[in-house]
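**Student:** Listed below, chain by chain, are the residues.
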Amino acid sequence: MTTAIREGLLVLADGTTFEGEMIGASSGDAIATGEVVFNTVLSGYQEVITDPSYAGQIITFTYPHIGNYGVNDFDDESARPFCRGVIVRDIARRRSNWRSTENLDAFLSRHGIAGIAGVDTRRLTRHLRDFGAIPGAFGYVGDGGVSETALKAAALAEPGTDGVDLVAEVTCPRPYSIGNGHRRVVAYDFGMKRSILRQLGEFATVDVVPAWIPASEIIAHRPDGVFLSNGPGDPAMVEHAVDNIHAIIDAGIPLFGICLGHQLMSRALGGTTFKLPFGHHGGNHPVRNLSTGQIEITSQNHNFCVDIDSLAGVAELTHVNLNDQTVEGMRVIGARAFSVQYHPEAGPGPHDARYLFDDFSALIEGAHK
Amino acid sequence: MPRRADLESILVIGSGPIVIGQACEFDYSGTQACRVLRSEGYRVVLANSNPATIMTDPEFADATYVEPLHVDVITRIIDRERPDAILPTLGGQTALNLAMELHRSGVLDTYGVEMIGANAEAIETAEDRERFKQAMIEVGLAVPASGSAHTLDESMDVVARIGLPVIIRPAYILGGKGTGIASTIDEFRSLASLGLDASPISEILIEKSIAGWKEFELEVMRDRADNCVVICSIENFDPMGVHTGDSITVAPAQTLSDVEYQQMRDAAFTCIRRVGVETGGSNVQFAVNPRNGDQVIIEMNPRVSRSSALASKATGFPIAKMAAKLAVGYTLDEIPNDITKKTPASFEPTIDYVVTKVPRWAFEKFPGTSGVLGTSMQSVGEAMAIGRTFPESFQKAFRSLELGRSGLNCDPAERKLDSLPDSELKAKAAIATPDRAFQVEALLRRGFSVEDVSELTMIDPWFIDQISIITDERAHLATKSTTTMSVREWRRAKQIGFSDAQLSYLWSQSEAEVRAARLAAGVRPTFKTVDTCGAEFAAETPYHYSTWEDEDEVRPSTRQKVMILGSGPNRIGQGIEFDYCCVHASFALRDAGFETIMVNCNPETVSTDYDTSDRLYFEPITYEDVANIIDAEQPMGIIVGLGGQTPLKLAGQLPPELVKGTSAASIDLAEDRERWNALCARLEIPQPAGGTAQTLADAAVIVERVGYPVLVRPSYVLGGRAMEIIYDDASLERTMNELSRFGTLGIEGGLSAERPVLVDRFLEDATEVDVDAVRDHTGEVLIGAVMEHVEEAGVHSGDSACVIPPPHLSPDTIAVIEDYTRRIAEALQVRGLVNVQYAVKGSQVFVIEANPRASRTVPFVAKATGVPLVKIAARVMLGATLDELREAGLLAPPVVGDHVAVKEAVLPFNRFPEADAVLGPEMRSTGEVMGIDLTTGLAFMKSQIAAGGPLPEKGTVFLSLADRDKVLGCEAAELFHQLGFSLVATAGTAAALRTAGIPVAKLVAKLDEEGEDGVDLINRGEIHLVVNSPRGRGPRADGAHIRAAAQRNNVPLLTTASSALAAALGMLDWSRHRLQVRTLQEYHRGVWRAEQFGWED
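For the protein sequence lines, the chains are A and B, in the order given. In the working numbering, each residue carries its 1-based index in the first sequence increased by 27. In the working numbering, each residue carries its 1-based index in the second sequence increased by 4.
Among the hints, a few may not be true.
Below 25 Å or equal to it, Euclidean Cα-Cα: the simulated SDA-like pairs (lysine to any residue) are [stated by the list, open to error]: (1) K345(B) <-> G320(A); (2) K958(B) <-> S1075(B); (3) K498(B) <-> I32(A); (4) K346(B) <-> Q352(A); (5) K484(B) <-> R33(A); (6) K346(B) <-> D336(A); (7) K346(B) <-> V347(A); (8) K498(B) <-> R120(A); (9) K179(A) <-> R492(B); (10) K346(B) <-> T353(A); (11) K1006(B) <-> D1017(B); (12) K430(B) <-> R121(A); (13) K1010(B) <-> R998(B); (14) K346(B) <-> N316(A); (15) K179(A) <-> E555(B); (16) K346(B) <-> G320(A); (17) K345(B) <-> Q352(A); (18) K484(B) <-> I32(A); (19) K346(B) <-> T319(A); (20) K345(B) <-> N316(A); (21) K345(B) <-> R150(A); (22) K1010(B) <-> G372(B); (23) K432(B) <-> D422(B); (24) K958(B) <-> R1076(B); (25) K345(B) <-> F158(A); (26) K430(B) <-> S458(B); (27) K565(B) <-> E637(B); (28) K345(B) <-> V347(A); (29) K345(B) <-> L349(A); (30) K346(B) <-> D351(A); (31) K346(B) <-> F158(A); (32) K345(B) <-> D351(A); (33) K346(B) <-> L349(A); (34) K345(B) <-> T353(A); (35) K346(B) <-> R150(A).
Keep in mind the hints are simulated off the structure, nothing from the lab. Given the structure is predicted, the values throughout are model-derived calculations rather than measurements.
The whole structure should be built from the sequences, with the hints applied where relevant.
**Tutor:** Structure below.
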């Protein structure tokens, strides 16, 4: 009684192949390509799939059952998924949760995202761990589908995320406002997650602006604070943001950056970023807050990392990842500016670091005294 | 923060005997704690009455007290050892309660002992229901709404506030009388009135009913810098209303969105902070309304628990080990992750597989029980399975249970559901019982929808749909056969958890044919690693499970490897003792340079701690699963003789050259009645007369020859399953009918021509004796110990108290027993352990049976004598001789003669009020304790205190004895009288006492006579000790009611004259001597030589 299997094949640029079956939006000879990364969260697949930071990437979920509680109207992190595909071990054929309104499979189809299920995702993850994130391609290989050769060629042709400006793909086309807090914060949208907006909206009215808006326009409006959002890809490709950030710091406007925003801030300060072997993608990374000594369990999603030594005398380290000792947060010396590499807004993930939004609010209030 | 330097010695309290609700998991946690604390340089003082634990091995603590877990005893230990701190959070409820008693009685203050892990304030907040509720409300967490009322009007106000449905509980009522669930206002009105009437103070508690809500648990850890992490989330398959220990549980949580999960995580941290658990692990339980997501907090345990053991095995994060480190001052970030070694423990494990735990019950041992699951835990063990998906993990769990099931149905045992009409099957599935999952699958197979079944059972539709994947796959597979399966189809079937045995049933082919066809198709399992991190980091720890994927992560080493097969889920008759044996074998063989590979599926145990062996395979112990591991690892030997009946049953199917120790042929020789009889005859060792029967007629012929009473028992079972003593024809007929049917025995494999019934003359009033011995390949036999049972032959040895050294056997008799044991071991060509049971009547010794394998008493023998019998046996099984071990300094002579050790059984009758609390040939105890002291009486008293609490020092003893017990009973009564007890008795017993010149204060009426009967007296609290021996198995008359009353009122109960006499002698000794505590290390050094022996009276 099993329904006909639509045989799928995933081919990595190094030639490694993985068999599976097609799910989501898969038709005929379409090929999904992107940089293959993994995420170790046990719950929160809807948030991950709709996180714009995954633009250009194919997401592998290490937890085998994905789709159990369906998708709902509340948990999207953006208007639509920007990822290039989804790889799972098993997709739920029936969802169960009081909030859910749709099956994940249908959701993927509706948004034109292809997926491949039945993959030995642990083998794939071990491969990515050992050899690093790598471009890949997958598609239907049954009758009327594509060949392994075509998939391999597509994978090799895929540029990955190094040296690509993915922000242009995900930033909002025009400014909009949200929230009704008593302070005004301008948020640069490099691929902003809604969870961040919700957190900022707790204390501020947020004017979300496209990534290309020049700083002069923002400074002219004298906002109470500026926020630099998360986003996809290589920070070195978003050079226009660097000058803008520099101008905002010079103008003395309180500034807070998350993830890509953090990397861009470091570049604006003259620092350098480098690519991690396989990035941090999960909801369980321990980070130490150096000022309190406390450990927070954090949500992470990044492939690039700030080299704190390149910022000697300019910024000081505030947060460190305890797994690999990489930079997770910094404060600019002599300025009202700080940033973190991880995701204090959660969505998905633990709420341990939400105090950072209070810190931002306090920084803004401090500037008014 | 580094380890605390202000502490030098720490008292660790274990959890005592295995009982329902408290099993091996606390040996696992306690053993880890002791190891950690010692490696940190602390002096560890350990108190635990359970000799079958690894933690009470003398090398795990500096001072090991195998003494009763009673406040007076622990006080003596504290007085003697002066520890700086007490760690109460790793020994279950027992340790927690004991620590609280020590705190309340001021002992901790007096001696300046600090409670570490959790303080008294925190424990009280968590344990006191009302206080806990208030505390949760205070910090803004939802709890089930409730209120109390004294009138119907007040009740109506309360229900208007909290809403229906509600549970109504009258105050100050024992046993749940007047409790009920009201779903309509009319029901509420009538139940509230009834409840108010039932309560002596006219008070009812009205609580919002959350039966049918989804149940979740979070395992949380906190360190003293206030860092909190969740180790594991667990979702119950069964909805609220079934005790979590009796629920099928799944990790991680499956049906919570991240938003809901994070809300729960926040609440768990708020809870642990408010309760004030400073360091260590806690378990927080939640209920979630499936209709609107409402979350309420149900309870929290401020200590490690059964769930934390499960969470540790499920994630690879050793909660108890970490809890011990946190208790002495470390913070989570200072401790490396055990598995990655490179990342810190301050993280939240993530997993890339599904874990299912299924409990195992023992209702068949307790006739009269309903088998319905509820809010009181009744299971005796559990199995855990790991699979990549839920269907795989679920099916593996059911075949791990060893109930003769090959998975979730699709096996011969499913047929008993086939005959049920739909209506009946639905009615059954609506009620939570051990069979429910099978009924759910059967309903789906009959075409009922996921929605229908979910509504009927209140089980989440996601789980039901996952089961329907199994059903759908089966329908597909039914159209196939070994010849038509494609590789993809084979893989899919295996990925959904179908065992070769299930496929063999489906296709009517032998399991060997299925296996051969599958291997020919190249479909083999792959082994994955449990690594706490979803493969994000490289794992250092070889902890594996099988699944059916692309990549196999196991790289067999080139070392000499020995595989040890474990004992599977705990059950009555096969529990912690066998795990102890497997663990000891692993320790000994690792020391000897072998690489050890453990295979087991019981999450509670030390054997499934990945530190125990070089490699751990968390797998079912079935032929298919074991054969797969053999293929992957290519061991040079397999040990089947230490895990009880489970691995032994597989011995015949495994390659004979790999089975180390006694051969499968010898094992069979000892089990095969005809050949065994011939062997005994050849050795000229007397046996009770008897024979084998397959029918009632056969049995009758034997009885004619040997005469009543006879002992009737099936062959190849453990724990005296279905064993009975028969005194007349009617009972013989009933018993034979029960046995020849595919009845309760069915789940143990049924009765067949190869498994006949044994019918033997039963030797009344004989003394039963057990011997554990080791024989090496040169033929040398080491007698571990000769144990004399307190209860006479006829009470199952597992339920009987026994004594080392034997107090009543003459040196000549002991010599005969040792000689017989040597001859039997030689004749059976034993290589390793052998246990022989004897009945001694007068001066004649009869052999009852011999088992060439580890017995339940081996750990007790080791603790009593100081000889690590299993370690010796394991080496011998791999070819060492006793002489070589002696030379290597591994085998010292036993320390006996200076002290006496008594093992006492612990029975679960308090959990099964419907069952008769009487001892018989079928084993029903769940655990054991040891009492050790300088005389038999003192050791026996300690064993009684440890098993059930102290015997009274004064008051009234109620005696009611069967005729055959009256001689011994009068001896006991005489001593009770001397001790100042007042005696009351039923007419016949009273007459016997008076004839013997013993005064009887009062005659107690039989239940159907005029006057005060025993039940009345017990209920009124006028009786302090009951001695009631049953008169065969006639209609349930007085005896059963009296025993039930004693159980209900917690009055000490002795059901044999011999135990009454032992108790009386013990009480006499006890009254003369002050309580002394000594360590096992002291006993084993033999410092208590008789000549140094001086009473301090």
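**Student:** Hints first: check each against the structure and report whether it holds.
**Tutor:** Against the structure, the hints:
1. K345(B) <-> G320(A): Satisfied, since the Cα-Cα distance of roughly 22 Å is no more than 25 Å.
2. K958(B) <-> S1075(B): holds (10 Å)
3. K498(B) <-> I32(A): Distance ~17 Å between K498(B) and I32(A) Cα, so the pair holds.
4. K346(B) <-> Q352(A): OK: K346(B) and Q352(A) at ~11 Å, within 25 Å.
5. K484(B) <-> R33(A): holds (21 Å)
6. K346(B) <-> D336(A): holds (23 Å)
7. K346(B) <-> V347(A): holds (15 Å)
8. K498(B) <-> R120(A): holds (19 Å)
9. K179(A) <-> R492(B): Between K179(A) and R492(B) the Cα gap is close to 23 Å, so the pair holds against 25 Å.
10. K346(B) <-> T353(A): Given pair K346(B), T353(A) holds - Cα atoms ~14 Å apart, limit 25 Å.
11. K1006(B) <-> D1017(B): holds (11 Å)
12. K430(B) <-> R121(A): Holds, at about 22 Å.
13. K1010(B) <-> R998(B): Roughly 18 Å between the alpha carbons, so the hint for K1010(B) and R998(B) holds.
14. K346(B) <-> N316(A): holds (20 Å)
15. K179(A) <-> E555(B): holds (21 Å)
16. K346(B) <-> G320(A): holds (20 Å)
17. K345(B) <-> Q352(A): Measuring from Cα to Cα gives roughly 15 Å; hence the hint holds.
18. K484(B) <-> I32(A): OK: K484(B) and I32(A) at ~17 Å, within 25 Å.
19. K346(B) <-> T319(A): holds (24 Å)
20. K345(B) <-> N316(A): Satisfied, since the Cα-Cα distance of roughly 22 Å is no more than 25 Å.
21. K345(B) <-> R150(A): holds (21 Å)
22. K1010(B) <-> G372(B): Within the cut-off at roughly 23 Å; holds.
23. K432(B) <-> D422(B): holds (13 Å)
24. K958(B) <-> R1076(B): holds (14 Å)
25. K345(B) <-> F158(A): holds (21 Å)
26. K430(B) <-> S458(B): Status holds; Cα separation ~11 Å.
27. K565(B) <-> E637(B): holds (8 Å)
28. K345(B) <-> V347(A): Answer holds: K345(B) to V347(A) is near 19 Å, not above 25 Å.
29. K345(B) <-> L349(A): holds (13 Å)
30. K346(B) <-> D351(A): Roughly 9 Å between the alpha carbons, so the hint for K346(B) and D351(A) holds.
31. K346(B) <-> F158(A): Answer holds: K346(B) to F158(A) is near 19 Å, not above 25 Å.
32. K345(B) <-> D351(A): Satisfied, since the Cα-Cα distance of roughly 12 Å is no more than 25 Å.
33. K346(B) <-> L349(A): holds (10 Å)
34. K345(B) <-> T353(A): holds (18 Å)
35. K346(B) <-> R150(A): holds (21 Å)
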